[in-house]
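Next come the chains, spelled out residue by residue.
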Amino acid sequence: MSELPTTAVAPVVGAAVGDYVQILKPRVMSLVVFTGVVGLVLAPGHLHPFLAAVAILCIAIGAGASGAINMWYDRDIDRVMRRTASRPLPAGRMEPGEALGFGCVLAVGSVAVMGVAVNWVAAELLALTISFYVFVYTMWLKRRTPQNIVIGGAAGALPPLIGWAAVTGDVGWGGIALFAIIFFWTPPHFWALSLYKADEYAKAGIPMLPVVAGARETKKQMLLYTLVLWPVTAAPWLLGVAGPLYAVGAGSLSLMFTVSALRVWRDNTDRSARQMFAFSLAYLFLIFMFLLVDHGIGGGR
Amino acid sequence: MADDADGRSKGQSRIRARNRALLFVLLGLVALFYALTIVRMGGH
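Protein chains in written order, with my numbering: chain A, 59 to 359; chain B, 3 to 46.
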């Protein structure tokens, strides 16, 4: 009788409900939802409040689906980086196929519900957002070029345009202005993070700008992007989407963002980069908050 | 032995929690489509 190797059968515990929530990247989702709401509120026209809520739900679920598929694809590099090692896939709490299947079902479901409930322009933009994040950013650019987050940032910038299209049924200049704000905000935001996480990105083989071009070049690029944000954030006011309150608020915030980038330029430690990363989150939130408040008091034309 | 039993009971409670979550999601979808139908047909 041949002796078979004895293997202990590990009990199949499986992923908890919280793990499914975690792979939707809820923190990213909250910013996506907020910018989507602003796009929806600022758009000219009227959408039934229930349909508006459904549109926001679809944007949130679509963003979550992108996050889940991203975590499925990036599970190898997530294991290497300390920041991401405790995620459900690299920690071994979830099977890769579960994450992929969950992400695909949510992606298709969110686009379908958006199309049926709201309109197909918004649904197409949502499908474009998910596809761009998964195929263009995650699978194509992220591991190949230091411009990964510059081009890939378009995916994160689309939610206010989806909100806008949910109301109007088309892509207006106001929506494009909101898209541009997030698009040009993304590089200095992520490069601030990658400045003090450069070692981890290098270890994972991700060609972030500080890894490839060095800290000095990254700081220069960050400063340039904060300067570009001056006219870009003024666009909603120039287009008549927002009024003077927003213009003053956005101008002040952009000045502070540029000052923050100047501090990073002069500082050789991580401290100012960490501060700029934290401020960049507040910057985007406050810019969109100014748009909301200004709209509330009837600031736009 | 005790570890195996612990793992099995932990696994079963997670499966139960997942099933409950799925039930709520499905009920939520039914309610969503019901409300959507009412709202979309309300204008006609």
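Hints in this document: simulated from the structure, not taken from any laboratory. Be aware that one or more of the hints could be misleading.
[Claimed, not checked] Negatives, chain A to chain B, calculated, CB over 10 Å:
| id | residue |
| --- | --- |
| 1 | V75 |
| 2 | Y78 |
| 3 | R321 |
| 4 | F343 |
[Claimed, not checked] With the Cβ distance kept under 7 Å, some of the chain A side facing chain B (calculated, not the full set):
| id | residue |
| --- | --- |
| 5 | G72 |
| 6 | G173 |
| 7 | A175 |
| 8 | N177 |
| 9 | W178 |
For each residue, glycine too, the CB sits at the ideal point set by N, CA and C.
How the hints compare with the structure:
1. V75: Violated, since 5 Å does not exceed 10 Å.
2. Y78: It is violated; Y78/A is separated from chain B by about 8 Å at its closest Cβ, not greater than 10 Å.
3. R321: 45 Å, holds
4. F343: Fine: 28 Å to the nearest Cβ keeps F343/A off the interface.
5. G72: Since chain B brings a Cβ to about 5 Å from G72/A, closer than 7 Å, the hint holds.
6. G173: Violated - the Cβ of G173/A stays beyond 7 Å from chain B, reaching only about 12 Å at its closest.
7. A175: 5 Å, holds
8. N177: 11 Å, violated
9. W178: Result: violated, 14 Å to nearest chain B Cβ.
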